[in-house]
Amino acid sequence: EAQVTQNPRYLITVTGKKLTVTCSQNMNHEYMSWYRQDPGLGLRQIYYSMNVEVTDKGDVPEGYKVSRKEKRNFPLILESPSPNQTSLYFCATSAGGRPTDTQYFGPGTRLTVL
Amino acid sequence: GEDVEQSLFLSVREGDSSVINCTYTDSSSTYLYWYKQEPGAGLQLLTYIFSNMDMKQDQRLTVLLNKKDKHLSLRIADTQTGDSAIYFCAERPMGGGFKTIFGAGTRLFVKA
Numbered sequence: 173e174a175q176v177t178q179n180p181r182y183l184i185t186v187t188g189k190k191l192t193v194t195c196s197q198n199m200n201h202e203y204m205s206w207y208r209q210d211p212g213l214g215l216r217q218i219y220y221s222m223n224v225e226v227t228d229k230g231d232v233p234e235g236y237k238v239s240r241k242e243k244r245n246f247p248l249i250l251e252s253p254s255p256n257q258t259s260l261y262f263c264a265t266s267a268g269g270r271p272t273d274t275q276y277f278g279p280g281t282r283l284t285v286l
Numbered sequence: 004g005e006d007v008e009q010s011l012f013l014s015v016r017e018g019d020s021s022v023i024n025c026t027y028t029d030s031s032s033t034y035l036y037w038y039k040q041e042p043g044a045g046l047q048l049l050t051y052i053f054s055n056m057d058m059k060q061d062q063r064l065t066v067l068l069n070k071k072d073k074h075l076s077l078r079i080a081d082t083q084t085g086d087s088a089i090y091f092c093a094e095r096p097m098g099g100g101f102k103t104i105f106g107a108g109t110r111l112f113v114k115a
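As they're listed, the protein sequences go chains W and P. 173 is the number of the first residue of the first sequence in the working numbering; add one for each residue after it. 4 is the number of the first residue of the second sequence in the working numbering; add one for each residue after it.
Because the hints were derived from the structure by calculation, they are not lab data. All clues stand as given, with none of them false.
Some chain P residues judged to face chain W by a derived CB distance under 10 Å, without partners named:
| no. | residue |
| --- | --- |
| 1 | 11 |
| 2 | 33 |
| 3 | 34 |
| 4 | 36 |
| 5 | 40 |
| 6 | 91 |
| 7 | 92 |
| 8 | 95 |
| 9 | 103 |
| 10 | 104 |
| 11 | 105 |
| 12 | 108 |
Just so you know, these numbers come straight off a predicted model, no measurement behind them. Using N, Cα and C, we set each Cβ at its ideal position, and we do this for glycine too.
When you get a sec, could you build the whole thing from the sequences and use the hints?
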């Protein structure tokens, strides 16, 4: 079964404590992306990756890092989380980066930073 | 810059048609998408249309595009309670790289 998995699904943490949200896909997709969803703002792209070792910034990359060492995994790293990073985070993947390539979304990670 | 706007709420009765509207501002050729988000889940692509098309129909879903007014709509015929969700309009301008711009989402309530 085609899947995009995210872990953890829920996380409450404190300001400054480094954390990683993992994203894994089993579809051999080249393109992966991270979004955050905030009320009234829709989804905003944080980072994306076109392939292994190829990443680029989206609209709101400040305070986040990513890595793409393997095709299937695309972790999102918050080195020093702050309360304004409290949000719902989604990982998405697609076969390629073309507009007609369907993006498949993970179930989301709800992060609260106190 | 690019922007996608949607109304936040829509309430309809079961069996009626729902029409969810969206406006976008990008002036170049673009792909426009409709996604559905059910509670506790990620987004699911429903359909998409390229900006040189006027209409696309897929079973109960009809997408209408008014390119002159930059207005996109999603019509759901015979709306069911299972259609209750948040619907996102999104745009991906040609030449904009891998950037997809999402609206804030329209929450559809379907009353039995």
